[in-house]
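Trainee: Respectively, the protein sequence lines represent chains A and B.
Numbering-wise (my numbering), the first sequence opens with residue 7 and increments by one.
Numbering-wise (my numbering), the second sequence opens with residue 6 and increments by one.
It is worth saying that the hints were derived from the structure and are not from the lab.
Don't be surprised by glycine CBs; every beta carbon is placed ideally from N, CA and C.
Wrong hints could be hidden among the right ones.
[What the hints assert, rightly or not] Interface residues of chain A toward chain B, partial, derived using beta-carbon atoms under 10 Å:
1. ALA156
2. ALA159
3. LYS160
4. PHE163
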Amino acid sequence: MIVAERKPIEEIIEQVKDVRSLLVLGCNECVTVCEAGGKKEVGVLASALRMVFLQQAREVNVGERTLERQCDTEYLEELRDAIDQYDAVVSLACGVGIQFTAEKYPSKPVYPGVNTSFMGATQERGVWVERCQGCGGCILARTGAVCPVARCAKRLFNGPCGGSTDGKCEISKDVDCAWQLIINRLKALNRLQDYETLAPIKDWSTDRAGGPRKVVREDLRS
Amino acid sequence: MNPNTPSKLEKILRAGHLAVTSECGPPRGSDAAHIVHKAELIKNHVDAINITDNQTSVCRLCSLAACIRLKLMGLEPVLQMVVRDRNRIALQSDILGAASFDIHNVLCLSGDHQRFGDSAQGQNVFDLDSMQLIQTVRRMRDEGKFLGGDAIGRPPRMFVGAAANPFADPFEIRVPRLAKKAAAGAEFIQTQCIYNIEKFERWMEGVRERGLHERVFILAGVTPLKSAGMARYMKTKVPGMDVPDEVVKRMAGTPKDKQAEEGITICVESIQRLKDVKGVAGFHIMAIEWEERVPGIVERAGLYPRPALN
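The shape of chain B in the complex, shown without the other chains (with noise of 0.2 Å):
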């Protein structure tokens, strides 16, 4: 199938191979070397980067500019996009601006409420939400126009992704849920954290019944886990996530100083797992502050070198 843009992403993709993905979050500051380090770790054993967007509802140097950062360097961004912070105007105005630079990868998503960051007495956007985020990045690629009707010059060539999480409630939903951000348009999925194979497993089945494997790219989220304590945030704090007992058994019945290099062991066993489940393209791999950690994961996971492109 000849690809709809530009992305060297969606090309990985449309040849058939496992894509890589990764991500980096941006520095509470301006120093852009912050990001050009994290970058520079990753950059040969990914095909395409992605930057948070105020990840956490934590106010951060932006996400576009830290993507423009990349495509400087030469490397293949995926801008994240949340619907909290902006409004139509400010969303299609980025993604004019982003696409001015050729970024030609986006993530449309809801983000955190901001209750969980460092402004919790803001005031949140919600102008529209994730889908119909997808809906008007499609509309201003596809038909070229905004979403008030009005022709763009030059409209922007991006692959379009969104997130899945297999593991929020209520299960039952999740599946229709994925339909429906195929039919919005998506052509790309990341999804939530997978610890929990079984699950996601289960999620998969339902996903190939639809036949929404072969309608949308899915690659399959994974987090190494740093610490037992890691674990057991993740398991009780974060909300959607779901860690079961046996992973946070493991993690805290390994001494302290090899918690690490278990987390690291696990999330590779995850990938050589999950590279078996029908649907599955690619994987996206979100180290949290832990971005040296993924070129050895790739390499363990025989994921590496990654497809060069002609």
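Bound-form chain A, shown alone (with noise of 0.2 Å):
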């Protein structure tokens, strides 16, 4: 899933500082998986802001509505009748939600109430880790299921380099060295001879590198 978490309320409140009205708008998919921007994040942000805006004596129509989707066009129509209601819109969705909302509402403000951080899953209650970084040109079946990618900090195709030390990150003692757990990997495949193979030098082209990316499938176009 999109990992992605909430912002501070003070830049939440910057950004709508001359709002009259305006809609918090959840998203029923990832961002409600991490907590970060679903009905419950929703209730609780709009709570708070109708809070600060009397406290501030401003008189701010705070609307709440969360969509099963927002980066699906179908479902984002079901704002159609009530969002001219709102001088602005805030997302609590991810990235993708969030403009394809505007893209949707042309004249509509739409801003971020959250940062969108990573695709990646729930490790524990309360906490998500990154897994991958769509670059486009997956390895995962040369490095035993473990993306350097993702997570080497110098995303190394030849790792570990020398920082490696029990089994943690030169970076931090908080970070497994991604290295470590390829080799782990190998040895539990007994495919160890496989490190010694060097990876061939990427092709970043399919990566953020190459511009905007899009998937195209002829055969599913009408």
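Since each chain sits alone in its own frame, please combine them into the complex, following the hints.
Mentor: Spelled out as structure tokens, the structure:
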């Protein structure tokens, strides 16, 4: 899933300091799972904003709504009748949902209520970890299904570097060395000999480096 | 064996001499006198001088410009290049820039993560990794081609080096990793600072078992300790550094005003002991901001005078 973190409320208040009505818009997908932008967080943020506006003696109408998905124009269509009641939208969806909402309603200001962090998963309650950077050229077959692009601080294809200590990365004792994990996996798979195969130079053109990306399936287009 | 390049360092190693290299860190400013002065201190006692590349991710005068300074002094620089800060365009371009000044040695490194330096909020590049940089320089030199495939006019003629850290984890992968660097095309290796000689010897056993010491020249890295505080810092704060307790104790047990001398003595003793390790082809003396002590170490270790080449 896409993992996001709630923005500090001060930053959100600054973004909406001139509005007289706003819609806090949640998303029922990833941000609900990572507890940053689902229905519950919409309620919490809306209440907090109402308190702030009350303290500021400002009359601001704060609406709440959570869509099934903000990254889907069909669900965004459900806002059509309500959107004109608001000066602005604070979206608690990921960066994709925020932009799709803005694209759907071109004259409506849409502000981010979260920082979109990474593609990852829940490790334990309250802890989310990164697993993929969407580089567009998956090499997990070679690395025992541990990704050095997402998990090595230097994204080395032929690691580990000289900073790997007791299974941890040189940047922090709280970060696992991806290459230690890769070696552990290769050993468990009885494939340690594969370690010595030199990884070819990466084609980054499928990554962010190649510009905005698009997947087109002609067979599915109508 | 005939040398592959005009490198003086390569000639000395291929002639079977124990090579001696050292390194200088460029200044945090543009005063060239700084690097010239450091080089003057050590030039008669070493065969080649590494110039570090924004080491520990602290921004400094660039390695290439400092290497050019040394070259203009008639010295033999080793251009350190980290892949942290430059993509394949910039790396290849800088290699050509160095080659245009007939800089004949390069050391291919990953580079410390920027988190350690003065630009922790900066982006890193890591377009290639250090193995792939080794391959890139070899391709440029041996095939006369850019990574993109086009021909290079006057290809670089560089003796290609890499680092090895026998003390990082996991230990079992440290010999295979050297084998990988050799396969990638590394011709010489400068190791991480050696304090744990037993562990280094164990690593070298594995290196010899696979005959890697006959494929790459291994220069044993040493760094003199200035104080007990430095020993403790290296032990606990520097990732991938292995300073045994007895070394820390020996420094701490020495009166403060004599600790620097004791550090030099430990360094000299280490070199003496490492000379007996089969497969060690020379020494890389990293005297951090202590270049003036390099000549004394080289002399006391019996590595002076340096061989003259005809």
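Trainee: If you test the structure against every hint from before, which numbers come out violated?
Mentor: When the structure is compared with the hints, only number 1 turns out to be violated.
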